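**Q** Each chain is listed here by its residues.
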Amino acid sequence: MPISILRRVAVSIVLLGLSVGLSSAAQPSAATYPSGVITFVVGATPGGATDIVARVVGQQLSKAWGVPVVVVNRAGAGGEIGAAYVAAAKPDGQTVLVAPSAFGVLSGLSNSLPYDSLRDFAGVSLMARTPSFLVTPSARGIKTIAQLQAYAKTKPAGLVYGSAGTGSTGHLHALLVATGAGFKGEHAPYRGTPEAVNDVVAGRIDYAFSPGPNALPFAKDGKLTIIATTSTLGDTFAPGIQTLEQAGVKGDPGDDWYGALVPAKTPKDIRIKLSSEIAHILTLPEVRTSLTAIGGEAVSSTPDEFDAMLKQYIANVRTLGHTYGIELQ
Amino acid sequence: MIGQSLLNLMQGFGVALQPHNLMWSFFGVLIGNLIGVLPGMGALSAISLLLPLTYTMHPIPAILMLAGIFYGSQYGGAIGAILLNLPCHPPHAVTCLDGYPMTRAGNGGTALGIAMISSFFAASVGIVVMIFASPLLVRAAFSFGPAELFSIMLLGLLAGATLSKGSALKGVAMTAMGLLLGIVGTDVSSGVMRFTLGFPELSDKVELVALALGLFGVAEFLQNVNRMQVIGGGTKVRLRDMRPSAAELKQSFLPMVRGTLVGTVFGAMPGTGPTITTFIAYAIEKRISKNPERFGHGALAGVAAPEASSHSKTQVDFIPTMSLGIPGDPVMALILGALLIQGIQPGTQLISEHADLFWGLIASFWIGNVLLVILNVPLIGVWVKLLRVPYRYLYPSALFFIAVGVYSTNNSLFEVGEVLVFGIAGAIFAALDFHVAPVLLGYVLGPMVEEYFRRALLQSHGDMMVFLDHPISAVFIAASALLIVFQFFFRAKHARGVQRGSEAFPVPQDAERLAPDGRSSTH
Numbered sequence: 001m002p003i004s005i006l007r008r009v010a011v012s013i014v015l016l017g018l019s020v021g022l023s024s025a026a027q028p029s030a031a032t033y034p035s036g037v038i039t040f041v042v043g044a045t046p047g048g049a050t051d052i053v054a055r056v057v058g059q060q061l062s063k064a065w066g067v068p069v070v071v072v073n074r075a076g077a078g079g080e081i082g083a084a085y086v087a088a089a090k091p092d093g094q095t096v097l098v099a100p101s102a103f104g105v106l107s108g109l110s111n112s113l114p115y116d117s118l119r120d121f122a123g124v125s126l127m128a129r130t131p132s133f134l135v136t137p138s139a140r141g142i143k144t145i146a147q148l149q150a151y152a153k154t155k156p157a158g159l160v161y162g163s164a165g166t167g168s169t170g171h172l173h174a175l176l177v178a179t180g181a182g183f184k185g186e187h188a189p190y191r192g193t194p195e196a197v198n199d200v201v202a203g204r205i206d207y208a209f210s211p212g213p214n215a216l217p218f219a220k221d222g223k224l225t226i227i228a229t230t231s232t233l234g235d236t237f238a239p240g241i242q243t244l245e246q247a248g249v250k251g252d253p254g255d256d257w258y259g260a261l262v263p264a265k266t267p268k269d270i271r272i273k274l275s276s277e278i279a280h281i282l283t284l285p286e287v288r289t290s291l292t293a294i295g296g297e298a299v300s301s302t303p304d305e306f307d308a309m310l311k312q313y314i315a316n317v318r319t320l321g322h323t324y325g326i327e328l329q
Numbered sequence: 001m002i003g004q005s006l007l008n009l010m011q012g013f014g015v016a017l018q019p020h021n022l023m024w025s026f027f028g029v030l031i032g033n034l035i036g037v038l039p040g041m042g043a044l045s046a047i048s049l050l051l052p053l054t055y056t057m058h059p060i061p062a063i064l065m066l067a068g069i070f071y072g073s074q075y076g077g078a079i080g081a082i083l084l085n086l087p088c089h090p091p092h093a094v095t096c097l098d099g100y101p102m103t104r105a106g107n108g109g110t111a112l113g114i115a116m117i118s119s120f121f122a123a124s125v126g127i128v129v130m131i132f133a134s135p136l137l138v139r140a141a142f143s144f145g146p147a148e149l150f151s152i153m154l155l156g157l158l159a160g161a162t163l164s165k166g167s168a169l170k171g172v173a174m175t176a177m178g179l180l181l182g183i184v185g186t187d188v189s190s191g192v193m194r195f196t197l198g199f200p201e202l203s204d205k206v207e208l209v210a211l212a213l214g215l216f217g218v219a220e221f222l223q224n225v226n227r228m229q230v231i232g233g234g235t236k237v238r239l240r241d242m243r244p245s246a247a248e249l250k251q252s253f254l255p256m257v258r259g260t261l262v263g264t265v266f267g268a269m270p271g272t273g274p275t276i277t278t279f280i281a282y283a284i285e286k287r288i289s290k291n292p293e294r295f296g297h298g299a300l301a302g303v304a305a306p307e308a309s310s311h312s313k314t315q316v317d318f319i320p321t322m323s324l325g326i327p328g329d330p331v332m333a334l335i336l337g338a339l340l341i342q343g344i345q346p347g348t349q350l351i352s353e354h355a356d357l358f359w360g361l362i363a364s365f366w367i368g369n370v371l372l373v374i375l376n377v378p379l380i381g382v383w384v385k386l387l388r389v390p391y392r393y394l395y396p397s398a399l400f401f402i403a404v405g406v407y408s409t410n411n412s413l414f415e416v417g418e419v420l421v422f423g424i425a426g427a428i429f430a431a432l433d434f435h436v437a438p439v440l441l442g443y444v445l446g447p448m449v450e451e452y453f454r455r456a457l458l459q460s461h462g463d464m465m466v467f468l469d470h471p472i473s474a475v476f477i478a479a480s481a482l483l484i485v486f487q488f489f490f491r492a493k494h495a496r497g498v499q500r501g502s503e504a505f506p507v508p509q510d511a512e513r514l515a516p517d518g519r520s521s522t523h
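Read top to bottom, the protein sequences are chains Z and V. For the first sequence, this note's numbering gives the first residue as 1, with consecutive numbering after it. For the second sequence, this note's numbering gives the first residue as 1, with consecutive numbering after it.
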């Protein structure tokens, strides 16, 4: 009897030791990464700019590492659903959120998110920056923000600006222009930037901010005038246009960006491995061509740099939200 | 100008008929057609699945394939709508209204034939319009501002109330239900979430595919649980039944033309989907028909006109999408995305900088439509024979495909729950003798009417007269007012007629539940 109990205890100890050993071996690390299919989660419907960035980078990543990279679209609630999905995913680097700057705006302006963008996520890398352009109908002959200000003085009811919706980056830029230049601006939200730009061309609204692909063709055709841009990156697409900072508009959050994030507990070495591969991918010419087509430029960063940038971005947006009373549900 | 367009078109045919491009076009069209038959799983899922294929391809065959999937799925969508009351593609919901009763009467093949022919005709006309009127269309797109669009949508909403069979009050109630459902989500103009009941999945809107499939398809299945008959069974399906007769063709010619006109006109307005055009085409046909009471029980015009309008609208819609970058459809948005991945920017430059792509695409539209007709006409018999599968196998399989299809719209089980809820609701409505088509109309038009109304007022700084100041808008407002007045006048006349004992407008018994051999299936 005592011998069999001893045997049982011995077997249990061995099994316990094995299970502990195995579970610690199951800890993800850069050595075993990637261990299978990588999922890029996009919180928007397919075909949009975020989706394109995800697909272009994902395709190259798949080639480089020999594992399938699948893009999954979980649209809804301005990206909240996709982000919540990644926040709850296993922190082994196999699930990556490809997020646009709207992710940061949502965090800065919303009080009821099911996740905390800084605590539940860890940055991997920035991937692209897309400048936005202030456009006005060319028939009005306005060429600078100062002239826009002068035009606004002739309109007692104020000017109407369009955007892709309340809380979109276009809304924030346009609002800052109005308050910075000191005229009354009425916000007309649209379902998407193309509709807003369309109405600017038709002269129904006075100005709007738009990413390059929507605005530049009209500018070339002479139907729109671009009078400002969100950063010096805009120079690549529309040379000689002054930036908002140069025009004296303060507190602007800056260009739109696209970045990759993973769940917070993902080990740092996995993040660094992914980040350096993405940085390499962003130097490839075909990737740069696709990014130019969506009006942006490839920009990479280390995980820490991205974390810092995101924190700063969210803080900026939060300040804007408090100052101007913009709140998202 | 026309000469130049013709020359470009010739070049386009040269590009589209190259064996490599033709092969990919055919592949896309085939996949699209098959996908179209599967409920819920629309071109969107198919294109996003096949998108990675296009990365390594040259842009031209890539876009030809994707476009082929797009309009191929629309041909396939009519099949489910007519044979099973399953609008596999939301614009086909209206086709269910007359197509399904025709199937129950044993004429499913004829309905399919008419649908195919109308689609082909309308697509061809749409392509011609696209080629020769594209600069006109682009300019027209700019002259439709929110005030004009509001007035047009308002007229559509009022006119579409005639879609209801039976009691007008019930029709209005269903439209109002649709309006309420359309409100669910985040309001564009204020950013406030309405009626989302705490579900983030509802903060964008109730999913149209879930609504259409639930109200039409799942509701129908739920009702038929205790009535397991084979549709169209009993009568032998003869080859003659599968082809529309010459008389039937003649009957559906004018509705086809009118439907095409409606679709083309709406094609010029960016951002309005094909679903609206189908409702309007149907409503017009019902209004000007000599026997409006036949609508809802198997009128040919009720199949021909909506199909025609949907297809011509889709074709003409390519123009604002390509040249303005405003996709009329999520699928077009995806195709635009595919172009962007290839580094091609849609816009006014697309036509000049990538002429071979643009004209090759247009030529391939027509070639693709021809391929689809060749594919589908012989298959009509096959699809109709599918109905002979006993209900107890057919319906559960269809439900399975519905669930899968609806899941694929957003990779989320929430939509499957939605389709179930709407299916149950639809079955309850049907049992209470409410017809559900107006729900879809209210759902599609309501949010647009509100959005354009508020935007128009925003742009006019609160001046209500903006709707009458703009000439196009004023015309439609006047038409809406006339419609309301006419309705009152007509009802008053009818009431007086009934008082005098004569039936001015014989109200038929609801003949929908007639079994194919003429016996009425009593509850």
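Any given hint might turn out to be false.
Said to hold, decoys possible - To be clear about the criterion: a stretch of chain Z counts as covered by chain V if any three or more of its residues have a C-beta under 8 Å from a C-beta of chain V, and this derived list gives those stretches:
hint, stretch
1, 77 to 86
2, 183 to 190
3, 196 to 203
4, 233 to 243
To be verified - Listed below are the simulated EDC-like cross-link pairs for lysine to aspartate or glutamate, each with C-alpha atoms no more than 20 Å apart in a straight line:
hint, chain 1, residue 1, chain 2, residue 2
5, Z, K223, V, E353
6, Z, K220, V, E353
7, Z, K265, Z, E286
8, Z, K265, Z, D221
9, Z, K155, V, D433
10, Z, K184, V, D463
11, Z, K265, Z, D120
12, Z, K143, Z, D221
13, V, K205, V, D187
14, Z, K265, Z, D304
15, V, K170, V, D433
16, Z, K273, Z, D307
Simulated from the structure, these hints should not be mistaken for laboratory data. Remember, it's a predicted structure, so these values are computed and weren't measured experimentally. Where is the CB? At the ideal position from N, CA and C, for every residue including glycine.
**Q** If a hint holds in the structure, say so; if it does not, say that too.
**A** Cross-check of the supplied hints:
1. 77 to 86: Holds: 5 residues of the stretch 77 to 86 of chain Z have a Cβ under 8 Å from chain V.
2. 183 to 190: holds (count 4)
3. 196 to 203: holds (count 4)
4. 233 to 243: violated (count 0)
5. Z:K223 <-> V:E353: 19 Å, holds
6. Z:K220 <-> V:E353: 13 Å, holds
7. Z:K265 <-> Z:E286: 33 Å, violated
8. Z:K265 <-> Z:D221: Distance ~50 Å between K265 (chain Z) and D221 (chain Z) Cα, so the pair is violated.
9. Z:K155 <-> V:D433: Violated, at about 56 Å.
10. Z:K184 <-> V:D463: 18 Å, holds
11. Z:K265 <-> Z:D120: This hinted pair holds, its Cα atoms lying about 8 Å apart.
12. Z:K143 <-> Z:D221: Holds: K143 (chain Z) and D221 (chain Z) sit about 16 Å apart, inside 20 Å.
13. V:K205 <-> V:D187: 10 Å, holds
14. Z:K265 <-> Z:D304: 14 Å, holds
15. V:K170 <-> V:D433: 9 Å, holds
16. Z:K273 <-> Z:D307: Answer holds: K273 (chain Z) to D307 (chain Z) is near 16 Å, not above 20 Å.
Going through the hint list in order, the structure does not satisfy hints 4, 7, 8 and 9.
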